[in-house]
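Residues per chain, in single letters:
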Amino acid sequence: MSLKFSPPLFDVERLSFERQGNLVLNNASFTILPGEYCAIIGPNGGGKTTLIRLLLGLEKPTSGMIRLFGSEQKRFKAWSRIGYVPQRSALIDSSFPATVREVVGMGRYAQRGIFGFESSEDKDAIEEAMELMGVRDLSERLIGNLSGGQRQRVMISRALASNPEVLIVDEPNTGVDVESQHRFYELLRHLNRTKKVSILFITHDIGVIAEDISRVLFVNQTLLVSQNPAEMIRCDEMSRLYGTPAHVVCHNH
Amino acid sequence: MLEMLDYPFMQRALIAGLIIAVLASLSGSFIVLRRYSLLSETLAHVSLVGVAIGLLFGIAPLWMAIAASLVASWLIEYLRSVHGLYSDSVLAIFLSGSLALAIVIVSMAGSFNASLFSYLFGSILSVSNEDLWVMGGFGALGMGLLLAFFKELYFIAFDEEVARASGIRVALLNFMLVSVIAVIIAISIRVVGTLLIGALMVIPPVAAIRFGMGFYPTTLLSVVIALISVVAGLSLSYLFSLPSGAAIVLCLLVFFVVALVINRR
Numbered sequence: 000m001s002l003k004f005s006p007p008l009f010d011v012e013r014l015s016f017e018r019q020g021n022l023v024l025n026n027a028s029f030t031i032l033p034g035e036y037c038a039i040i041g042p043n044g045g046g047k048t049t050l051i052r053l054l055l056g057l058e059k060p061t062s063g064m065i066r067l068f069g070s071e072q073k074r075f076k077a078w079s080r081i082g083y084v085p086q087r088s089a090l091i092d093s094s095f096p097a098t099v100r101e102v103v104g105m106g107r108y109a110q111r112g113i114f115g116f117e118s119s120e121d122k123d124a125i126e127e128a129m130e131l132m133g134v135r136d137l138s139e140r141l142i143g144n145l146s147g148g149q150r151q152r153v154m155i156s157r158a159l160a161s162n163p164e165v166l167i168v169d170e171p172n173t174g175v176d177v178e179s180q181h182r183f184y185e186l187l188r189h190l191n192r193t194k195k196v197s198i199l200f201i202t203h204d205i206g207v208i209a210e211d212i213s214r215v216l217f218v219n220q221t222l223l224v225s226q227n228p229a230e231m232i233r234c235d236e237m238s239r240l241y242g243t244p245a246h247v248v249c250h251n252h
Numbered sequence: 000m001l002e003m004l005d006y007p008f009m010q011r012a013l014i015a016g017l018i019i020a021v022l023a024s025l026s027g028s029f030i031v032l033r034r035y036s037l038l039s040e041t042l043a044h045v046s047l048v049g050v051a052i053g054l055l056f057g058i059a060p061l062w063m064a065i066a067a068s069l070v071a072s073w074l075i076e077y078l079r080s081v082h083g084l085y086s087d088s089v090l091a092i093f094l095s096g097s098l099a100l101a102i103v104i105v106s107m108a109g110s111f112n113a114s115l116f117s118y119l120f121g122s123i124l125s126v127s128n129e130d131l132w133v134m135g136g137f138g139a140l141g142m143g144l145l146l147a148f149f150k151e152l153y154f155i156a157f158d159e160e161v162a163r164a165s166g167i168r169v170a171l172l173n174f175m176l177v178s179v180i181a182v183i184i185a186i187s188i189r190v191v192g193t194l195l196i197g198a199l200m201v202i203p204p205v206a207a208i209r210f211g212m213g214f215y216p217t218t219l220l221s222v223v224i225a226l227i228s229v230v231a232g233l234s235l236s237y238l239f240s241l242p243s244g245a246a247i248v249l250c251l252l253v254f255f256v257v258a259l260v261i262n263r264r
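The listed protein sequences correspond, in order, to chains P and L.
Take the first sequence: its letter number 46 is residue 45 in numbering that gives the first Met the number 0, and every next letter is one higher.
Take the second sequence: its letter number 205 is residue 204 in numbering that gives the first Met the number 0, and every next letter is one higher.
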């Protein structure tokens, strides 16, 4: 029997970040392994989005080290292995001239190179990503004419078009109706279980995905990693972490 | 009307105009989508400083306009991206500052006011063979760069953060784009004039966007609008002895109004 070693997707050591003299993230260390479905939770302004931006190289850490797929971040080139859906993805200028097909196609741009025309491989990947997220019928529609939920699915399609091994999703349900949110959670579960895409997911609605996730990263300037999501969503634990009385409400969506 | 093409000056103006129409509308699409339209106006005013310096010291005004516009474009992008200043504030500072500088230079040597007038509003008589070679050379270079990185520039215009996260070198491409735009503006001033080149960059994409198509057809339509406007504008300029830049911009405005009326939302 041969054992294949896969390095962690993210390996973070003693990561700190200051913005204009204010400490945003302090001495965070964690690893994310292939196949994991991790939720990042914490209060607003606690550093969740900053942590994601640091992982993606959009911010430079004040100190600490980040390894992506076993490589030091500054030497890492294979960014197409990481799909990213930012927080404000459903908020798009309604007059922007972009069809759904064009937006999803952006997910392949970094792999195409200078003057690179769309190959049959690119076309297949785009079609598959649109099919997976159920937006193929919308391909010629302008992105600005879609509903919040439809836009959200287009943005995830774009992230999936590069065939990433990990999908980073930052509070994607802003401005999205409850039914679309429910569909969205099902899609994430499908991607993780069937397509083996690892997921790192910032959310305030941890209860809904508690059964799916393997770990919870609680970020509030410092980082706390819990291997037991069910334990973490208890009222007393949430109250302790958020520093304010919290009530966990269970619902079906 | 075709007899106007018998004149070498008209042939040169038409070739120059067509080069400018393609370059200005193509690059203009990106600045319009990034809410950066004032960049063209600002760099046009900076080009005027280059022209004024060139006329004052007897150096080819076109080369001085290219140099001034390029340096200003790098400074603007540096202040915006590195120092985090608001884009519109930086542009406003450069716009008024360069105009002030140009006026001071002009007032220092009032003898070249007539020449300067043709740079302000464009003149079909002023395009020389040398100008045409410079336009052709820089135009080909600018066109090559725009086409080489067309999809990346589109991605950046749509979502700069995700473009960067996907490994696209956003900072470098932003500098490249403003440099190409700076050169396009500087080489356009002979035909369209410094005060009106901004319209050739902004109006075609704005009119094309009204038709509610995807980016690639919108860009193509924008180029077509610019080409037709330049040909029509130069023809009007020839027939009625009008400044070519003003005639071109009026043709562009006709397209804009038609696009607004057809696509009322």
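Treat the hints as calculated values from the structure; they're not laboratory data.
A portion of the hints provided could be inaccurate.
Derived Cβ-Cβ restraints for the label pairs, each shown as a range [as the list claims (entries may be wrong)]:
| no. | chain 1 | residue 1 | chain 2 | residue 2 | range |
| --- | --- | --- | --- | --- | --- |
| 1 | P | 92 | L | 171 | 22 to 28 Å |
| 2 | L | 99 | P | 74 | 26 to 32 Å |
| 3 | P | 146 | L | 85 | 30 to 36 Å |
| 4 | L | 8 | P | 18 | 56 to 62 Å |
Covered, in the sense of this in silico footprint (three residues per stretch, anywhere, with C-beta under 8 Å from a C-beta of chain L), are these stretches of chain P [unchecked claim]:
| no. | stretch |
| --- | --- |
| 5 | 52 to 58 |
| 6 | 79 to 86 |
| 7 | 96 to 102 |
| 8 | 123 to 135 |
Residues of chain P placed beyond 12 Å of chain L at every Cβ, according to the derived structure [to be verified]:
| no. | residue |
| --- | --- |
| 9 | 6 |
| 10 | 21 |
| 11 | 26 |
| 12 | 35 |
| 13 | 43 |
| 14 | 61 |
| 15 | 144 |
| 16 | 147 |
| 17 | 148 |
| 18 | 191 |
| 19 | 221 |
| 20 | 223 |
| 21 | 224 |
A virtual CB, placed ideally from N, CA and C, is assigned to each residue, including glycine.
Verification of the hints:
1. P:92 <-> L:171: 22 to 28 Å: Because 25 Å falls inside the window, the suggested range holds.
2. L:99 <-> P:74: 26 to 32 Å: Distance hint for residue 99 (chain L), residue 74 (chain P) is violated at roughly 48 Å.
3. P:146 <-> L:85: 30 to 36 Å: 32 Å, holds
4. L:8 <-> P:18: 56 to 62 Å: 59 Å, holds
5. 52 to 58: This one holds; 3 residues, not fewer than the three required, reach chain L with a Cβ under 8 Å.
6. 79 to 86: This one holds; 4 residues, not fewer than the three required, reach chain L with a Cβ under 8 Å.
7. 96 to 102: holds (count 6)
8. 123 to 135: Our answer is that it is violated, as 0 residues pass the Cβ test (under 8 Å) against chain L, missing three.
9. 6: Given a closest Cβ separation of 19 Å, the condition holds.
10. 21: 16 Å, holds
11. 26: 24 Å, holds
12. 35: Non-interface label on residue 35 (chain P) holds, nearest chain L Cβ at 20 Å vs cutoff 12 Å.
13. 43: Non-interface label stands for residue 43 (chain P): nearest chain L Cβ at 19 Å, farther than 12 Å.
14. 61: 18 Å, holds
15. 144: Residue 144 (chain P) is in fact no farther than 12 Å from some Cβ atom of chain L, at 8 Å.
16. 147: 16 Å, holds
17. 148: 18 Å, holds
18. 191: 20 Å, holds
19. 221: 25 Å, holds
20. 223: 26 Å, holds
21. 224: 24 Å, holds
Comparing the model with each earlier hint shows violations of hints 2, 8 and 15; every other hint is respected.
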